[in-house]
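> The task is simple: from the sequences and hints, build the whole structure.
Going down the list, the sequences are from chains C and R.
Using the UniProt record's numbering, the letters of the first sequence map in sequence onto residues 1 to 236.
Using the UniProt record's numbering, the letters of the second sequence map in sequence onto residues 1 to 236.
No lab work stands behind these hints, which were simulated from the structure alone.
In this text, a Cβ means the ideal position worked out from N, Cα and C, and glycines have one as well.
Listed next, the stretches of chain R that the computed footprint assigns to chain C, with coverage defined by at least 3 CB atoms under 8 Å from CB atoms of chain C: (1) 81 to 95; (2) 98 to 110; (3) 156 to 162.
Here's the letter readout for the chains.
Protein chains: 2
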Amino acid sequence: MKSAAKAAQAEDSAETGAQQIRDAIREAIVERRLSPGTKLSESDVGNLFNVSRTLARAALQALSYEGLVSVEKNRGAFVAYPSPDEARQIFAARRLVEPGILREAAARITPGDIAQLRQLLLEEGRLMSERGQTARRAEIKASGDFHLMLAEISGNAIMQRFMEELVARSSLVIALYGQSTASSCGHSEHGDIIAAIENDELDRACQLMLHHIAHIEADLDLRERKSLGLKEAFEL
Amino acid sequence: MKSAAKAAQAEDSAETGAQQIRDAIREAIVERRLSPGTKLSESDVGNLFNVSRTLARAALQALSYEGLVSVEKNRGAFVAYPSPDEARQIFAARRLVEPGILREAAARITPGDIAQLRQLLLEEGRLMSERGQTARRAEIKASGDFHLMLAEISGNAIMQRFMEELVARSSLVIALYGQSTASSCGHSEHGDIIAAIENDELDRACQLMLHHIAHIEADLDLRERKSLGLKEAFEL
DNA sequence: GGCAGCTAAATTGTATACGATTTTTTGCGT
DNA sequence: ACGCAAAAAATCGTATACAATTTAGCTGCC
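Set out below in structure tokens:
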């Protein structure tokens, strides 16, 4: 079993080629193989995937709707470079919606769901102890998948899609402003949340979730880095 | 002053022609000049706006991402026809996020904002008493603008965009499943919410908001209409 | 040496063209 | 008449082509 919680397209198939490209680029962004600010020219993307610029462009447009790339008129597309203010808004949004999602998920959670969550947690822990870039990237994804799975359990496809966007953008923010070496320190917190759900301590679970998000945010250094790339960079 | 709460593109200009088409079609959908299920072929859209299919397609793709149109592979784009279940999810999402938005908005609201909200309310009331399709459509939009303006006041652009999507899709749902003749009965409820905010009765304001959403939802008749278009339609 | 202005290269914006898939129409047989 | 099969029309998926804009490089002048 590969990447779990992806849901994929149960439909007849991969609707159009652009979707695949979009997904591939998104994955690369979320796993931080593409750094914020990297230029994604339509021709390059097209060549890379052996498709025409038309499809490349469509994929980039789609990613722009999700806030993962920003397209500037007549200048091109770049991996999004969230400002500190954007970063704050992203986490404010998560604090706003995740407790609600948690409540809805708890209301309809099944033993099978809990088992799956635990499995995810185990995987996450295993990756944490492993070495290497590959493991690190997988860990980043697994950490987000926990939140995504809760959204999936909640049964609300709209909130699920919204959470996918928020988690992806969070990854960008952490890549930019994160300080701690550990990609997502709060591994144990995930476990605590599951435990609280199992014990029907709903309010406590929400509290834990809020703390968890706060912890992630506390690890950020949200200060305007004005690139300082000219004189200042050599003045020290 | 025209449609208020639109924010528009403060940037240098209308980024690309596709955006304009997208906005025009979205407005038509939200104002219910386009009914759910209406086919939007790329050629027709292109001809209508005197642009190539390329731009028409881009606009439709964008609308598809917002959930306002659904594109079916090799079949075309249609104005979205939300299922009863989708409708429930849309309103569940609103119940989930709107109280939170309200809280954030209340925390940073200014007297000027309140004045604007009141103005919006006045306009809404004026339209309610007016006759004619045009007034009806303007009323629909004004009713949504109240919720949108709260999101704008909250200062969170992400939540604002999300609310824009939810409000637009709500309009589709109401068009499909709404029963009452009044487009949005709860006009007075908007006023009550503002009053509660002014009096710093935050919890009450949230309660009112939840009731307001519940009222809108209560006006829906969410039952699978299976088109019953052949025999059944004449058998009664 | 440095800067203004112009020219050329690269990149995006939009249109058109062609192949693939679906839908409709036509026509035949029963 | 009815149903079914094959052809025709319409529509979407993708590629290519051309125009417009930006960026980089260069020349010449100060």
